[in-house]
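Listed in order, the protein sequences are those of chains W and D.
Just so you know, we're using this note's numbering here: the first sequence kicks off at 506 and counts up by one.
Just so you know, we're using this note's numbering here: the second sequence kicks off at 506 and counts up by one.
Honestly, I wouldn't trust all of these hints.
[Said to hold, decoys possible] If the Cβ cut is set under 10 Å, some of the chain D residues that face chain W in the computed set are:
(1) I584
(2) H586
(3) M590
(4) D651
[Stated by the list, open to error] Computed Cβ-Cβ distance ranges for the label pairs, DEER-style:
(5) E685/W / D567/D: 25 to 31 Å
(6) D529/W / V670/D: 29 to 35 Å
(7) F693/D / R515/W: 24 to 30 Å
(8) G607/D / A517/W: 40 to 46 Å
(9) E565/D / A513/W: 22 to 28 Å
(10) R551/W / A537/D: 45 to 51 Å
(11) A537/W / L536/D: 51 to 57 Å
(12) I525/D / D529/W: 45 to 51 Å
(13) F693/D / D524/W: 36 to 42 Å
Source of the hints: derived by calculation from the structure; they are not laboratory data.
All values reported here derive from a predicted model rather than from experimental measurement.
Glycine included, every Cβ here is placed at the ideal spot set by N, Cα and C.
So you can see what is in the structure, the chains are spelled out below.
Number of protein chains: 2
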Amino acid sequence: MGAELVSAFRLALPEWIADITDEDRAYPGDLAKMELAVRLARENVRRASGGPFGAAIFDEADRLVAVGVNRVVPMHASIAHAEIMAIVCAQQRLGRHRLDEGGGRFLLATSAQPCCQCYGALFWAGLSELLIGARGEDVERLTEFDEGPLPEDWIGALARRGITVRRDLLREEACAVLAEYASAGGPFY
Amino acid sequence: MGAELVSAFRLALPEWIADITDEDRAYPGDLAKMELAVRLARENVRRASGGPFGAAIFDEADRLVAVGVNRVVPMHASIAHAEIMAIVCAQQRLGRHRLDEGGGRFLLATSAQPCCQCYGALFWAGLSELLIGARGEDVERLTEFDEGPLPEDWIGALARRGITVRRDLLREEACAVLAEYASAGGPFY
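If we strip away everything but chain W, and leave its shape as in the complex, we get:
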């Protein structure tokens, strides 16, 4: 064991994020939002900065609030999935633990269906809409990642707490990123 207890941690996105995000534009419509999430996933694979997953959060004016990519291995943190990175970066930017605390609607676009951890995190983040690229079954078919257990009616459980789900946005493109990562051999965790 190392010496002292750790009492704080810092989780960071890779530096290349700044090259492909543009805060001065709007991202109107579901496809433009999902395009960014899938591009983040693809870049994360090609730059070897984490797993094949990307996410982005937008406000109701279609402006980008935050992005995330999977950083589990480089950060030594099992929670550092794309959705979690985007959610906390958005909350830090807005200075509140629920994005919609002061009103407004926030949308999370994720390149693949959230795993059991990120699914649970959605409920407390202050989101209104969830866009999903690849399905959970795609993740488990194309890679060795485990999605974990979800409630049977997982979409209904989100809807009952005010979060609308739309799936299969750019599903093929999102699947291609998963396949590209798997063909390079992982790692899977």
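With chain W fixed as given, assemble chain D onto it according to the hints.
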């Protein structure tokens, strides 16, 4: 909206943590481990540093690896539950994204049943055992916190992935902390 995208974040435990953790002793048996988790929860309420939840991770020699308390409101981060704080602090200390990656068994003691987010996070952390103080129904009966949706057989789903659950450790003491927090009026989130 603030200026630039946020690309990293730091989450910290309160400074008083150092006063009540002792790395030189062992914590043999379930009760000694849960005592620390409940004490962390109680101190977090009394020092007004977060919600009424505490957690601690131990290795198979009964040594303390990391602790966590709820830091959602002070850190502006919906993920900063006690279990998540303990898991990531443990992973940072050991320098790996799965605690049991190099072998060994790790136990998480938490003062209250994990919510849907922390439940999902358990699967990827590299844990073997989970000790729970108050039940989810206690949390929802004694406070206004929402535990969120879990799979129907949530304990079985953990067991099938190698995580053993033991409940009702110091349940009354853990419930007393929840009641103390609620009687002071929250906040609940």
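Going down the list of hints, with the structure as the test:
Interface hint at I584/D: satisfied, since its Cβ lies 6 Å from the closest Cβ of chain W, which is below the 10 Å cut-off. The restraint placing H586/D at the interface with chain W holds, with a minimum CB-CB distance near 9 Å, inside the 10 Å limit. A distance limit of 10 Å between C-beta atoms decides the matter here; for M590/D the minimum to chain W is near 9 Å, and the interface restraint holds. Checking D651/D against chain W: minimum C-beta separation of about 7 Å stays under 10 Å; hint holds.
Distance hint check: the CB atoms of E685/W and D567/D are about 45 Å apart, inconsistent with the given range 25 to 31 Å. For the hinted restraint 29 to 35 Å between D529/W and V670/D, the CB-CB distance of approximately 50 Å leaves it violated. For F693/D and R515/W, the Cβ-Cβ distance of about 28 Å falls inside the hinted range of 24 to 30 Å, so the restraint holds. For the hinted restraint 40 to 46 Å between G607/D and A517/W, the CB-CB distance of approximately 24 Å leaves it violated.
At roughly 26 Å, the beta carbons of E565/D and A513/W sit within the given window of 22 to 28 Å. A C-beta distance of roughly 49 Å is found between R551/W and A537/D, which places it inside the suggested range of 45 to 51 Å. Remark: the range hint 51 to 57 Å for A537/W to L536/D is upheld by a beta-carbon distance near 55 Å. A C-beta distance of roughly 49 Å is found between I525/D and D529/W, which places it inside the suggested range of 45 to 51 Å.
Taken as a hint, the range 36 to 42 Å holds for the pair F693/D and D524/W, whose Cβ atoms sit roughly 41 Å apart.
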